[in-house]
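Chain residues, written in single-letter form:
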Amino acid sequence: GDSVTQMEGPVTLSEEAFLTINCTYTATGYPSLFWYVQYPGEGLQLLLKATKADDKGSNKGFEATYRKETTSFHLEKGSVQVSDSAVYFCALIKAAGNKLTFGGGTRVLVKP
Amino acid sequence: GAGVSQSPSNKVTEKGKDVELRCDPISGHTALYWYRQRLGQGLEFLIYFQGNSAPDKSGLPSDRFSAERTGESVSTLTIQRTQQEDSAVYLCASSADRIGASTQYFGPGTRLTVL
Chain A
3 GDSVTQMEGP VTLSEEAFLT INCTYTATGY PSLFWYVQYP GEGLQLLLKA
53 TKADDKGSNK GFEATYRKET TSFHLEKGSV QVSDSAVYFC ALIKAAGNKL
103 TFGGGTRVLV KP
Chain B
5 GAGVSQSPSN KVTEKGKDVE LRCDPISGHT ALYWYRQRLG QGLEFLIYFQ
55 GNSAPDKSGL PSDRFSAERT GESVSTLTIQ RTQQEDSAVY LCASSADRIG
105 ASTQYFGPGT RLTVL
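Residue numbers (our numbering), protein chains in the order written: chain A, 3 to 114; chain B, 5 to 119.
Watch out, some of these pointers could steer you wrong.
DSBU-like mimics (lysine-lysine), calculated; alpha carbons at most 30 Å apart, straight line [what the hints assert, rightly or not]:
#: 1; chain 1: A; residue 1: 51; chain 2: B; residue 2: 61
#: 2; chain 1: A; residue 1: 54; chain 2: B; residue 2: 61
#: 3; chain 1: A; residue 1: 79; chain 2: A; residue 2: 62
#: 4; chain 1: A; residue 1: 96; chain 2: A; residue 2: 58
#: 5; chain 1: A; residue 1: 70; chain 2: A; residue 2: 51
#: 6; chain 1: A; residue 1: 113; chain 2: A; residue 2: 79
#: 7; chain 1: A; residue 1: 96; chain 2: B; residue 2: 61
#: 8; chain 1: A; residue 1: 79; chain 2: A; residue 2: 58
#: 9; chain 1: A; residue 1: 113; chain 2: A; residue 2: 51
Calculated Cβ distances over 10 Å to all of chain B for the following chain A residues [stated by the list, open to error]:
#: 10; residue: 19
#: 11; residue: 28
#: 12; residue: 30
#: 13; residue: 56
#: 14; residue: 60
#: 15; residue: 73
#: 16; residue: 81
#: 17; residue: 87
#: 18; residue: 88
#: 19; residue: 111
Honestly, the hints are just simulated from the structure, not real lab data. Built from N, CA and C at the ideal position, the CB exists for glycine as well.
All chains, please: the whole structure from these sequences, using the hints.
Have a look at this one:
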């Protein structure tokens, strides 16, 4: 079946550091890929998405590129802020699918 | 407009009791989803509604779980004879259509604790 694997946390880094969260997937066909973020005490929010190979999703300084050859969708941000502290979830959905398949989540803690 | 809302926000119950969780999707959204998030884990799909089509119940973990939706409005998730392993955050999401890439918007969740 479909699956998403992302690096385990917690990831702790200093403000203005570079952040990478690895995400790889297993799925048949051509899924759409997503990053969701869950800030402390808040609900799950869509951060960015990409719907086909080589697409780059971007939002709030975060970027992720859909790499079909490596079945990956790594999340990056060049300079993190304390406000980026959250849990980040990588997810996929099939083109004709109706459910998101999520990775286990990566907790990121940014210290001032 | 308003986002997805869920009630109650927290529910504590005793093992063996039934619970009912409610979800109000974004107005006009035809698709509605329920997910479960156990502590420290990712989200697990439970059930999907799309308009008047038969729901996709493939993620329901046991026959103690059921869900209903009337038209394109409110949905209720019912767990009968609750067990401690049912403790989790139950999240509802809605989307504008059934196309796979359509963004799912999540509610704040209901935290269920079974004692």
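Taking the hints in turn, this is what the structure says about them:
Pair hint residue 51 (chain A) plus residue 61 (chain B) holds up; C-alpha atoms about 26 Å apart against a cutoff of 30 Å. Between residue 54 (chain A) and residue 61 (chain B), the direct Cα distance comes to roughly 28 Å. Compliance with the 30 Å bound is thereby established for this hinted pair. Of the supplied pair hints, the one linking residue 79 (chain A) and residue 62 (chain A) holds, its CA atoms being roughly 9 Å apart against a limit of 30 Å. Restraint check for residue 96 (chain A) and residue 58 (chain A): satisfied, since their Cα atoms lie roughly 18 Å apart, inside the 30 Å limit.
Annotation: proposed proximity of residue 70 (chain A) to residue 51 (chain A) holds, straight-line Cα distance about 14 Å (limit 30 Å). A hinted pair counts as satisfied when its Cα atoms are at most 30 Å apart, and residue 113 (chain A) with residue 79 (chain A) qualifies at roughly 15 Å. The hinted pair formed by residue 96 (chain A) and residue 61 (chain B) meets the criterion: a straight-line CA distance of about 17 Å does not exceed 30 Å. Restraint check: the Cα-Cα separation between residue 79 (chain A) and residue 58 (chain A) comes to about 13 Å, which is no more than 30 Å; the hinted pair holds.
Straight-line distance between C-alpha atoms of residue 113 (chain A) and residue 51 (chain A) comes to about 27 Å, which keeps the hinted pair within the 30 Å bound. Look at residue 19 (chain A): its CB is around 24 Å from the nearest CB on chain B, clear of 10 Å, so calling it non-interface holds up. Every beta carbon of chain B lies more than 10 Å from that of residue 28 (chain A), the smallest distance being close to 14 Å; the non-interface claim holds. For residue 30 (chain A), the non-interface assignment is confirmed: its Cβ lies about 13 Å from the closest Cβ of chain B, beyond the 10 Å cut-off.
Every Cβ of chain B is farther than 10 Å from the Cβ of residue 56 (chain A); the closest lies at roughly 16 Å, confirming the non-interface assignment. The non-interface label for residue 60 (chain A) is consistent with chain B: the shortest C-beta to C-beta separation is roughly 15 Å, beyond 10 Å. Remark: the non-interface label on residue 73 (chain A) is consistent with the geometry, its nearest Cβ contact in chain B lying 17 Å away (cut-off 10 Å). For residue 81 (chain A), the non-interface assignment is confirmed: its Cβ lies about 27 Å from the closest Cβ of chain B, beyond the 10 Å cut-off.
Non-interface call for residue 87 (chain A) relative to chain B: holds, since the shortest CB-CB distance, roughly 17 Å, exceeds 10 Å. Every beta carbon of chain B lies more than 10 Å from that of residue 88 (chain A), the smallest distance being close to 14 Å; the non-interface claim holds. In this structure residue 111 (chain A) is separated from chain B by more than 10 Å, as the shortest Cβ-Cβ distance comes to about 15 Å.
No hint from the list above goes unmet by this structure.
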